[in-house]
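Number of protein chains: 2
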Amino acid sequence: MKTLLVSLLLAVAMTLSAQDRSVSGGERSVLSVRASQYPRISADHRASFKVKAPHAKSVQIDLGKKYDMVRDENGEWTCTTEPLGPGFHYYFLVIDGVPVADPASESFYGCSMMTSGIEIPYPEGDTRFSLADVPHGEIRMKRYFSKTANAWRRMFVYTPPCYEKSSVSYPVLYLQHGGGEDERGWSQQGLTDIILDNLIARGEAVPMIIVMLDGNTKDFNSELFNACIPFVEKTYRVKAGKDSRALAGLSMGGIQTLNACITHPECFSYIGVFSSGWWVQSRHGMPAHETEKYYEKLKAHKDEFNKGFKQFWFSMGGKEDIAYQNCQAMLKRFDEIGIRYTYFETPGGHTWPVWRESLYRFAPLLFK
Amino acid sequence: MKTLLVSLLLAVAMTLSAQDRSVSGGERSVLSVRASQYPRISADHRASFKVKAPHAKSVQIDLGKKYDMVRDENGEWTCTTEPLGPGFHYYFLVIDGVPVADPASESFYGCSMMTSGIEIPYPEGDTRFSLADVPHGEIRMKRYFSKTANAWRRMFVYTPPCYEKSSVSYPVLYLQHGGGEDERGWSQQGLTDIILDNLIARGEAVPMIIVMLDGNTKDFNSELFNACIPFVEKTYRVKAGKDSRALAGLSMGGIQTLNACITHPECFSYIGVFSSGWWVQSRHGMPAHETEKYYEKLKAHKDEFNKGFKQFWFSMGGKEDIAYQNCQAMLKRFDEIGIRYTYFETPGGHTWPVWRESLYRFAPLLFK
Chain R
1 MKTLLVSLLL AVAMTLSAQD RSVSGGERSV LSVRASQYPR ISADHRASFK
51 VKAPHAKSVQ IDLGKKYDMV RDENGEWTCT TEPLGPGFHY YFLVIDGVPV
101 ADPASESFYG CSMMTSGIEI PYPEGDTRFS LADVPHGEIR MKRYFSKTAN
151 AWRRMFVYTP PCYEKSSVSY PVLYLQHGGG EDERGWSQQG LTDIILDNLI
201 ARGEAVPMII VMLDGNTKDF NSELFNACIP FVEKTYRVKA GKDSRALAGL
251 SMGGIQTLNA CITHPECFSY IGVFSSGWWV QSRHGMPAHE TEKYYEKLKA
301 HKDEFNKGFK QFWFSMGGKE DIAYQNCQAM LKRFDEIGIR YTYFETPGGH
351 TWPVWRESLY RFAPLLFK
Chain G
1 MKTLLVSLLL AVAMTLSAQD RSVSGGERSV LSVRASQYPR ISADHRASFK
51 VKAPHAKSVQ IDLGKKYDMV RDENGEWTCT TEPLGPGFHY YFLVIDGVPV
101 ADPASESFYG CSMMTSGIEI PYPEGDTRFS LADVPHGEIR MKRYFSKTAN
151 AWRRMFVYTP PCYEKSSVSY PVLYLQHGGG EDERGWSQQG LTDIILDNLI
201 ARGEAVPMII VMLDGNTKDF NSELFNACIP FVEKTYRVKA GKDSRALAGL
251 SMGGIQTLNA CITHPECFSY IGVFSSGWWV QSRHGMPAHE TEKYYEKLKA
301 HKDEFNKGFK QFWFSMGGKE DIAYQNCQAM LKRFDEIGIR YTYFETPGGH
351 TWPVWRESLY RFAPLLFK
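So the sequences go chain by chain: R and G.
If you use my numbering, the first sequence corresponds to residues 1 to 368, in order.
If you use my numbering, the second sequence corresponds to residues 1 to 368, in order.
If we strip away everything but chain R, and leave its shape as in the complex, we get (with noise of 0.2 Å):
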């Protein structure tokens, strides 16, 4: 087992040590594991890539945009980007066709498998984003047993800043990951805690606790409604009701969030659906078709709907965001139907900038 150890220090100090000796200008990215220097990132924020591989044929960083690392004498590669928009974005290294996490940097379960992150500093005077001297809740994670999985899960659970000393109860916010990702996205990628402790602090947003589930389920609307809410209202101090629980989602989230509004809008008067929408074709084991039952009870319940859902809030990635055609065949239906809904549209396609975007614009609508 010593030489375990003494390998694996080894085996680190291979990959990173190469980083001390020869850094580029701009600045370590805030993702870079302590030992790393790189990735770094430049003023006009393109960032640099270096890894220590003399043995491979050929090394990538993929950014969706492939970039070609070029190798050192010393067997070193490297590589700059274009300029990156700000926030966070996943990338791998590929070394000989192989997509791996960039041991240089911090790691997250996005895309079905651990991958890197990059964050790319948002711009001078947008704090919105920032850790800041405020006070700050705590994310909780919390094991529960589900009966619908027939197995132990886990919810991750923003609690506000005035929670812990406080005796009240607070409203909650379920809020749901996109496919390939799992309850960690919007704590870990998301920044959950700094968006609502910053709207919380500035009096934008009100105290509020937000849930956040695992959504790789066969049925969520079972383990939503069966198990996760009696649980979270069983254990924390919350609100019951309607008017103090609101449900959103991004991507996959925000079509679960859809499916379980429209089947259950007796639970949640605040709905807000992320870069989503139902499925034009038929696609993930749901038939087009099935979305025309749901058509079908919002215009047989229409002023019900308008009434109850105090916030429909959609938002959208730009033309750029792969559900942006999805979303707006969705919300044609809608006008159609004569469903009131509000529609937000930014920049930056189908990614984590545009729903941390989102979630700071919709969280201070809700509970009011």
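The set of hints was computed from the structure by calculation and includes no laboratory data.
As the structure is a computational prediction, the values presented were derived from the model and not from experiment.
Be aware that one or more of the hints could be misleading.
Note that the list lumps identical chains together, so a pair holds whenever it fits in one copy or between two copies.
[As the list claims (entries may be wrong)] In silico DSSO-like links for lysine-lysine, alpha-carbon gap of 27 Å or less:
hint	residue 1	residue 2
1	234	218
2	239	165
3	302	242
4	147	165
Fit chain G to the supplied structure of chain R, relying on the hints for placement.
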């Protein structure tokens, strides 16, 4: 940005799809990511790994011992290890000489980077480290501003199952990770919450709070005494005072524990040192002669130390533990001085299975 998602999903498909076609025997590791059928663990606790890397020249699994993977005609590489000991083990996938995290598995911050972990089942009937149908506490992520570090830092805080609904105060164990790890180590690799939930449910440990700090700091004493303890005692319902405080740590955290408890014996009644001991020879910026002042203090105040520490508890992962010699040399000095302590040894080396076992045995001794 559409390209990004498609590219990422393709990358994952390429890496993980292999697993769907030909799955060997055994069970999926509990730490495999959802989309992957590997790593797999056989009934006799051999681990099998698989990765698709058609363009790589050499692929290995590094578990301390390196295993060469063998390529098939589809470019899929596999290997099977010797039987592994129960519990958590770090490992790397080595692609053409570059050690990275295995995309088929969960990642953990250890060895100063995000590396992979595999969990080998404990013997049947040994449920000490298993998620059980008992009341569960929480692991909370809490941010605090450290004037010592002049930076925002994180701590992870275990609160026992009864904490949320009660209004009483609890004693606190401060519990430190090892070198190359951080504040996540004890909850993620160490399963702190599962260990304590089980002990509390069996009536073997009293309900307590466990605070897991980031020990990567130049002045641990200042961080602990000036920043963390005051923050914890202000923020949570904790009992203050020596008899309600314990301090323990593994490896590097064990040295931090020793230094802190000998410079501030008035602060803690319970001390745990896992797989550690002062360096016999100067190393890691700490000259060996530095420890002489601690021995002098122990000698000068022997009776106060013997009376003041209700537990002065040492554990070691057998002779194969890299800290074995340092620990033995230190305890020999303690014997010469007449300092009383308890020593526990279990095979396993300098590894998490030993540290989980250490916590399981140490926690029941506290606050009684």
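Consistency of the hints with the structure:
Taking the shortest alpha-carbon separations for residue 234 and residue 218, only the intra-copy value of 24 Å comes in at or below 27 Å, while the best inter-copy value is 43 Å. Taking CA atoms no more than 27 Å apart as the test, residue 239 paired with residue 165 passes in both settings, with 17 Å inside one copy and 16 Å between copies. In this homomeric assembly, residue 302 and residue 242 come within 27 Å of each other (Cα to Cα) only inside a single copy, at 18 Å, whereas the closest approach across copies is 64 Å. Taking identical chains as interchangeable, the C-alpha atoms of residue 147 and residue 165 lie at most 27 Å apart only when they sit on different chains, with a minimum of 23 Å there against 32 Å within one chain.
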